[in-house]
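The residues making up each chain are set out below.
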Amino acid sequence: MPTDPGSAISGGNSSPILPRIFRNGRIVADEFVFLADDSPLPDGPVIVTLKRFLAEKDHLLSRPAALGVRLEGAESPDVLRADLPKLKLIELRVGYFKDGRAFSWARILRTRLQFSGEIRVSGHFLLDQIAFFLRVGVTSFALPGNWSPGEVQTATGLISNVYQPSADHRPTILDLRRRTIVTAAAAE
Amino acid sequence: MYRYDEFDARLVRERAEQFRSQVMRRLSGELSEDEFKPLRLQNGLYLQLHSYMLRIAIPYGTLSAVQMRSLGSISRRYSKGYGHFTTRTNLQLHWTRLIDVPDILHQLAEVDMHCMQTSGNNVRNVTADPFAGAAADEIEDPRILCEIIRQWSTLHPEFSFLPRKFKICVIASPHDRAALLSHDIAIQAIRNSDGEPGYRVSVGGGLGRTPYLALEVGSFVPRRHILAFIEAILRVYNEAGRRDNLWKARVKILVHQLGIDEMRRRVEAEFAEIRETGMLELPPAEIERIADYFAPPAFEELSGESPEFESAKRESKQFVAWVKTNVHDHKTPGYALATVSLKPIGLTPGDCSSEQMEGLADIMDSFGFDEIRVTHEQNLVFPHVRQKDLFRLWQQLEPLGLATANIGLVTDIIACPGLDYCDLANARSIPLAQEIARRFADPELQAELGELKIKISGCINACGHHHLGHIGILGVDRKGVENYQILLGGSGAEDATLAEILGPGFDSEGIIGAVENVIETFRQKRISGERFLDTYRRIGAAPFKERLYAH
Numbered sequence: 001m002p003t004d005p006g007s008a009i010s011g012g013n014s015s016p017i018l019p020r021i022f023r024n025g026r027i028v029a030d031e032f033v034f035l036a037d038d039s040p041l042p043d044g045p046v047i048v049t050l051k052r053f054l055a056e057k058d059h060l061l062s063r064p065a066a067l068g069v070r071l072e073g074a075e076s077p078d079v080l081r082a083d084l085p086k087l088k089l090i091e092l093r094v095g096y097f098k099d100g101r102a103f104s105w106a107r108i109l110r111t112r113l114q115f116s117g118e119i120r121v122s123g124h125f126l127l128d129q130i131a132f133f134l135r136v137g138v139t140s141f142a143l144p145g146n147w148s149p150g151e152v153q154t155a156t157g158l159i160s161n162v163y164q165p166s167a168d169h170r171p172t173i174l175d176l177r178r179r180t181i182v183t184a185a186a187a188e
Numbered sequence: 001m002y003r004y005d006e007f008d009a010r011l012v013r014e015r016a017e018q019f020r021s022q023v024m025r026r027l028s029g030e031l032s033e034d035e036f037k038p039l040r041l042q043n044g045l046y047l048q049l050h051s052y053m054l055r056i057a058i059p060y061g062t063l064s065a066v067q068m069r070s071l072g073s074i075s076r077r078y079s080k081g082y083g084h085f086t087t088r089t090n091l092q093l094h095w096t097r098l099i100d101v102p103d104i105l106h107q108l109a110e111v112d113m114h115c116m117q118t119s120g121n122n123v124r125n126v127t128a129d130p131f132a133g134a135a136a137d138e139i140e141d142p143r144i145l146c147e148i149i150r151q152w153s154t155l156h157p158e159f160s161f162l163p164r165k166f167k168i169c170v171i172a173s174p175h176d177r178a179a180l181l182s183h184d185i186a187i188q189a190i191r192n193s194d195g196e197p198g199y200r201v202s203v204g205g206g207l208g209r210t211p212y213l214a215l216e217v218g219s220f221v222p223r224r225h226i227l228a229f230i231e232a233i234l235r236v237y238n239e240a241g242r243r244d245n246l247w248k249a250r251v252k253i254l255v256h257q258l259g260i261d262e263m264r265r266r267v268e269a270e271f272a273e274i275r276e277t278g279m280l281e282l283p284p285a286e287i288e289r290i291a292d293y294f295a296p297p298a299f300e301e302l303s304g305e306s307p308e309f310e311s312a313k314r315e316s317k318q319f320v321a322w323v324k325t326n327v328h329d330h331k332t333p334g335y336a337l338a339t340v341s342l343k344p345i346g347l348t349p350g351d352c353s354s355e356q357m358e359g360l361a362d363i364m365d366s367f368g369f370d371e372i373r374v375t376h377e378q379n380l381v382f383p384h385v386r387q388k389d390l391f392r393l394w395q396q397l398e399p400l401g402l403a404t405a406n407i408g409l410v411t412d413i414i415a416c417p418g419l420d421y422c423d424l425a426n427a428r429s430i431p432l433a434q435e436i437a438r439r440f441a442d443p444e445l446q447a448e449l450g451e452l453k454i455k456i457s458g459c460i461n462a463c464g465h466h467h468l469g470h471i472g473i474l475g476v477d478r479k480g481v482e483n484y485q486i487l488l489g490g491s492g493a494e495d496a497t498l499a500e501i502l503g504p505g506f507d508s509e510g511i512i513g514a515v516e517n518v519i520e521t522f523r524q525k526r527i528s529g530e531r532f533l534d535t536y537r538r539i540g541a542a543p544f545k546e547r548l549y550a551h
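Chains A and B supply the protein sequences, listed in that same order.
My numbering numbers the first residue of the first sequence as 1 and each following residue consecutively.
My numbering numbers the first residue of the second sequence as 1 and each following residue consecutively.
Any given hint might turn out to be false.
To be verified - Under the rule of at most 30 Å between Cα atoms (straight-line distance), these lysine-lysine pairs were calculated in the BS3-like manner:
1) Lys248/B with Lys479/B
2) Lys98/A with Lys248/B
3) Lys98/A with Lys165/B
4) Lys98/A with Lys37/B
5) Lys98/A with Lys167/B
6) Lys331/B with Lys317/B
7) Lys51/A with Lys248/B
Unchecked claim - Covered by chain A, according to a simulated footprint, are these stretches of chain B (three or more residues, beta-carbon under 8 Å):
8) 6 to 18
9) 156 to 162
10) 237 to 250
11) 278 to 286
To be verified - Some but not every residue of chain B turned toward chain A, in silico, with C-beta under 10 Å:
12) Arg150
13) Gln151
14) Ser153
15) Glu231
16) Leu234
17) Ile274
18) Arg289
These are calculated hints, taken from the structure and not from any lab test.
From the three backbone atoms N, C-alpha and C, an ideal C-beta is built for every residue, glycine too.
All chains should be modelled from the sequences, with the hints used to inform the complete structure.
So, in structure tokens, the structure goes:
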């Protein structure tokens with residue numbers, strides 16, 4: 001799982017109007033600015049819609065600053081296949097928490113498309129979904145509501161083990177069973 | 001049967017604790033009802049007309065005596081002293097309180113049970129042939145794969161917010177006792193020409209508003225790749241299934257909109273990719289570990305002819321009648337399968353009291369039965385009974401009110417809970433089932449009519465499988481009044497077909513007469529010994545329409 005601890009900045013003093021970005025267990029400053037389709041391009045790192053990216057791709061990719069693309073629920077990351085190595089971040093925007101497509105988009109980004117940058121989830125999602133998002137390869141969250149980093153940490157740690165392999169490459173219960181058997185055999 | 005190891009047990013305990021915290025957040029107002037709803041549904045908790053209903057998962061329909069006894073005690077303590085076995089082989093408690101549910105989940109966890117994914121838009125409890133491990137015609141125990149799927153699908157991070165619910169069924173016999181093709185994924189164990197184990201996989205079955213039978217998407221998937229293949233189907237569905245319209249969100253709609261060829265192409269592309277990573281390839285050691293739990297009990301070497309059994313049959317005509325309908329052949333000489341009918345005449349199909357559950361657990365202990373099965377027809381099965389024990393078994397079922405001899409007959413009716421409980425229902429189902437059963441209660445009449453499957457749903461969601469009934473009944477709301485449509489010619493067996501609506505509906509009194517008229521027409525047109533379904537297939541709907549609607 002890609003991590004970027006070097007860029008993490010303590011969120012204690014950040015302005016309340018900035019989105020609260022949760023990454024690696026804490027609130028960090030957001031180095032990206034989301035750009036509406038009709039806004040002029042600033043100098044720093046930006047996130048643009050897929051529509052704007054496809055329309056202004058050459059120009060956007062020629063800038064030195066980091067670039068992110070926002071995908072809405074119905075937008076598959078497959079269309080970004082060729083450009084992913086040049087992108088720093090993919091934002092998966094969830095319109096309504098019951099729309100579970102973002103879980104597949106994240107998994108496809110990591111496993112099929114081998115994307116190694118930041119995958120961020122924003123929009124309407126539940127505390128109880130964060131553990132699933134982390135498993136499929138999401139690395140940061142634009143936190144809604146008043147969730148504290150502590151609450152988020154607690155919510156992600158309620159279930160210790162997992163049955164199925166996913167993009168997080170966590171050892172599965174099957175792996176743990178094998179280790180138990182190997183350990184038991186070694187002890188004999 | 002399968003027993004949890006430390007990892008299974010820990011996950012189920014932690015899940016119960018997680019739900020406790022979710023209930024607390026709901027009660028404190030931190031979670032809105034809208035936000036809490038999918039969380040409670042993922043733990044099988046519905047809010048119905050009168051109360052919360054908790055749906056307990058019975059994976060592939062198999063229960064131990066310890067589990068059955070615990071269900072009896074939980075039903076008494078936290079509901080009204082009974083539970084309701086459903087067409088998805090789960091158990092519903094219709095009278096629970098939200099505040100008690102975390103404690104119920106903990107008590108279930110103590111006996112290796114849970115309510116995970118018995119509701120919500122995720123992979124639901126996996127169902128199987130209730131005769132698994134005992135049927136003469138099976139090529140493997142389908143529950144081995146079911147348990148593998150249960151574990152893989154439990155809290156699946158990618159597929160817990162699907163467009164709609166998702167049901168998987170596994171059988172391993174040419175005979176279908178599980179309504180296979182009405183599932184989102186229908187898996188049948190087969191062998192290829194080299195004798196290798198694998199599965200034929202079909203996709204897109206389902207009842208409800210738009211009924212379809214599943215279509216073949218994989219003619220032979222090797223056993224070690226079956227999870228990769230299932231994951232491929234789920235990913236295609238999660239990506240492309242409709243989310244704009246609840247009634248068009250099941251995978252059956254996607255399959256029929258894309259066409260099965262395009263569906264197959266997409267699934268195969270995903271499958272190739274998932275298989276290549278190898279992450280989901282099943283290691284033989286894990287298959288063996290799980291298979292060991294389902295190893296058949298040590299059968300005694302018995303003769304196919306039991307003198308005790310033969311003399312008991314000479315003793316009691318009622319026992320003979322019960323054997324004729326409720327006892328089926330076992331693969332091992334001297335053994336039999338015995339079905340316990342949960343359809344006593346005039347009572348609620350599928351209901352089982354705490355006393356009955358505990359009585360069944362006692363019977364299991366005294367006869368040394370390891371397990372009991374739940375069928376999609378809302379009955380229970382003892383899978384491995386020595387023939388010589390059948391009479392004593394029947395004698396012990398009798399005082400529990402569980403010796404009704406009607407399996408497969410006209411009074412063995414499937415019915416959903418309907419408007420008596422369910423807030424989705426448009427009409428009552430239970431009183432209809434009770435009244436039809438009373439009209440046809442005469443054992444001789446039932447025997448004469450032979451196999452005749454009546455299935456009743458109180459709304460279009462089709463929990464009562466009315467599309468699969470030889471005679472199906474669908475309750476609808478007609479300007480605020482309960483109205484019942486009649487469908488004929490369905491089958492949920494290996495000759496699966498969907499029943500067709502006969503004509504205009506009837507009110508709650510008229511429908512009983514209509515069913516009587518349909519059956520009377522069958523008696524007139526039947527060639528001796530023919531099943532209702534075969535008569536219908538031979539003569540078509542016209543004579544029935546004529547009788548019901550001519551004047």
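Hint by hint, here is what the structure shows:
Between the alpha carbons of Lys248/B and Lys479/B the distance comes to roughly 25 Å, so the proposed pair stays at or under 30 Å and holds. Simply put, Lys98/A and Lys248/B have alpha-carbon atoms about 16 Å apart, close enough for the 30 Å limit, and the pair holds. Distance check on the hinted pair: Lys98/A and Lys165/B sit about 12 Å apart at the alpha-carbon level, within 30 Å; holds. A distance of roughly 11 Å separates the Cα atoms of Lys98/A and Lys37/B; the hinted pair therefore holds under the 30 Å criterion.
For a cut-off of 30 Å, the pair hint linking Lys98/A to Lys167/B stands: about 19 Å separates their Cα positions. For the proposed pair Lys331/B and Lys317/B, the alpha carbon gap of about 26 Å is at most 30 Å, so the pair holds. The suggested pairing of Lys51/A with Lys248/B holds, with an alpha-carbon distance near 28 Å, which does not exceed 30 Å. Here's how the region 6 to 18 of chain B fares: 8 of its residues keep a CB closer than 8 Å to some CB of chain A, so the rule of at least three is met and the hint holds.
Coverage of the region 156 to 162 of chain B by chain A holds. Counting CB-CB distances below 8 Å, 7 residues qualify, and the rule asks for three or more. Coverage of the region 237 to 250 of chain B by chain A holds [criterion: at least 3 residues with CB-CB distance below 8 Å; count 3]. Counting residues of the region 278 to 286 of chain B whose C-beta lies closer than 8 Å to any C-beta of chain A gives 5; at least three are required, and the coverage claim holds. For the restraint placing Arg150/B at the interface with chain A, the shortest Cβ-Cβ distance is roughly 9 Å, inside the 10 Å limit, so the hint holds.
Using the Cβ-Cβ criterion of 10 Å, the hint placing Gln151/B at the interface with chain A is satisfied: the shortest such distance is roughly 5 Å. At a threshold of 10 Å, the smallest CB-CB gap from Ser153/B to chain A is about 8 Å, leaving the interface hint in force. The closest approach between the C-beta of Glu231/B and any C-beta of chain A is roughly 8 Å, which is under the 10 Å cut-off, so the hint is satisfied. The beta carbon of Leu234/B is positioned within 10 Å of a beta carbon in chain A (closest approach about 9 Å), and the interface hint is therefore held.
Satisfaction of the interface hint for Ile274/B is found here, the shortest Cβ-Cβ separation to chain A being roughly 8 Å, below the 10 Å cut-off. A hinted interface residue such as Arg289/B counts as satisfied when its beta carbon comes closer than 10 Å to some beta carbon of chain A; here the least separation is about 8 Å, so the hint holds.
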